[in-house]
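Q: Please model the entire structure based on the sequences and the hints provided.
Heads up: the sequence shown begins at 1 in the working numbering, then just goes up one per residue.
Calculated directly from the structure, the hints in this document are not laboratory data.
Any given hint could be a false lead.
As the list claims (entries may be wrong) - Okay, derived cross-link-like pairs now, DSS-like style, lysine-lysine, Cα gap no bigger than 30 Å in a straight line:
id: 1; residue 1: Lys158; residue 2: Lys124
id: 2; residue 1: Lys109; residue 2: Lys124
id: 3; residue 1: Lys109; residue 2: Lys158
Quick caveat: nothing in here was measured; it's all calculated off a predicted structure.
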Amino acid sequence: MPRLPAPDYPEDVRARLAADAGEVIARYPDSRSALLPLLHLVQAEEGHVSRTGIRFCAGQLGLTTAEVTAVATFYTMYRREPGGDYQVGVCTNTLCAVLGGDAIFDALKSHLGVENGGTTDDGKVTLEHIECNAACDYAPVVMVNWEFFDNQTVESAKRIVDDLRAGRTVEPTRGAPLCTHRETSRLLAGFPDERPGAVEAGGGAGPASLAGLRLARGEDGTARVGPPRGVPHGRDAQEPGSEEGEG
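A: Structural data, given as structure tokens:
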């Protein structure tokens with residue numbers, strides 16, 4: 001539960017957020033349904049869901065702060081305290097873990113000098129372990145502000161966080177170009193991404209994810225997706241349909 005009474009936003013900030021909140025609430029027949037995007041909206045303002053943000057959401061929707069807090073603390077995408085510009089998540093669920101996710105997470109903790117949920121001193125990177133993000137065919141996976149970085153290694157993950165901290169451009173494997181955590185939160189609140197080419201960049205499934213669908217449809221083309229880094233592994237290196245590759 002937040003400590004009460006929570007301070008209010010400055011009048012100009014509150015007026016701006018109230019206008020945005022009104023636009024969000026108007027999308028739903030029941031205003032309570034707007035709570036999740038409103039939490040993203042206040043997170044975009046402060047970088048986390050603060051006591052003030054909870055009070056604001058409650059007031060806009062006619063809810064109690066306890067009701068808003070119950071939702072904000074249930075979903076892991078809502079931060080409960082300030083964090084970095086870039087939230088770097090390392091999948092440590094089963095497949096990513098055994099293919100290197102655990103090693104990547106341990107290496108980044110040491111490299112950045114933080115523990116799980118910790119933020120670097122420069123305020124650039126918050127590191128966390130995350131659960132499955134439905135990208136097992138690209139394991140191990142790292143996500144930065146929920147954009148995919150597939151087939152990672154310890155060294156490639158270190159380069160990502162080093163480039164983020166140095167202000168260099170970092171390109172996801174799939175999906176839209178990176179933006180800051182606050183900007184991502186505003187997009188998740190349902191406001192348009194006005195960056196040129198960002199929407200067209202997409203972020204859907206790649207060839208490995210769609211191989212089974214192609215086979216089910218009887219489409220031509222290779223029936224097997226090779227090892228992620230182009231390194232052959234025994235029988236898996238055989239072309240589909242070859243005598244050696246048939247079992």
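Q: Hints first: check each against the structure and report whether it holds.
A: We went through each hint and held it up to the structure:
Of the pairs offered as hints, the one joining Lys158 and Lys124 holds, with about 14 Å between alpha carbons and a cut-off of 30 Å not exceeded. Taken as a hint, the Lys109 and Lys124 pair is honoured in the structure, with Cα atoms around 14 Å apart against an allowance of 30 Å. Taken as a hint, the Lys109 and Lys158 pair is honoured in the structure, with Cα atoms around 10 Å apart against an allowance of 30 Å.
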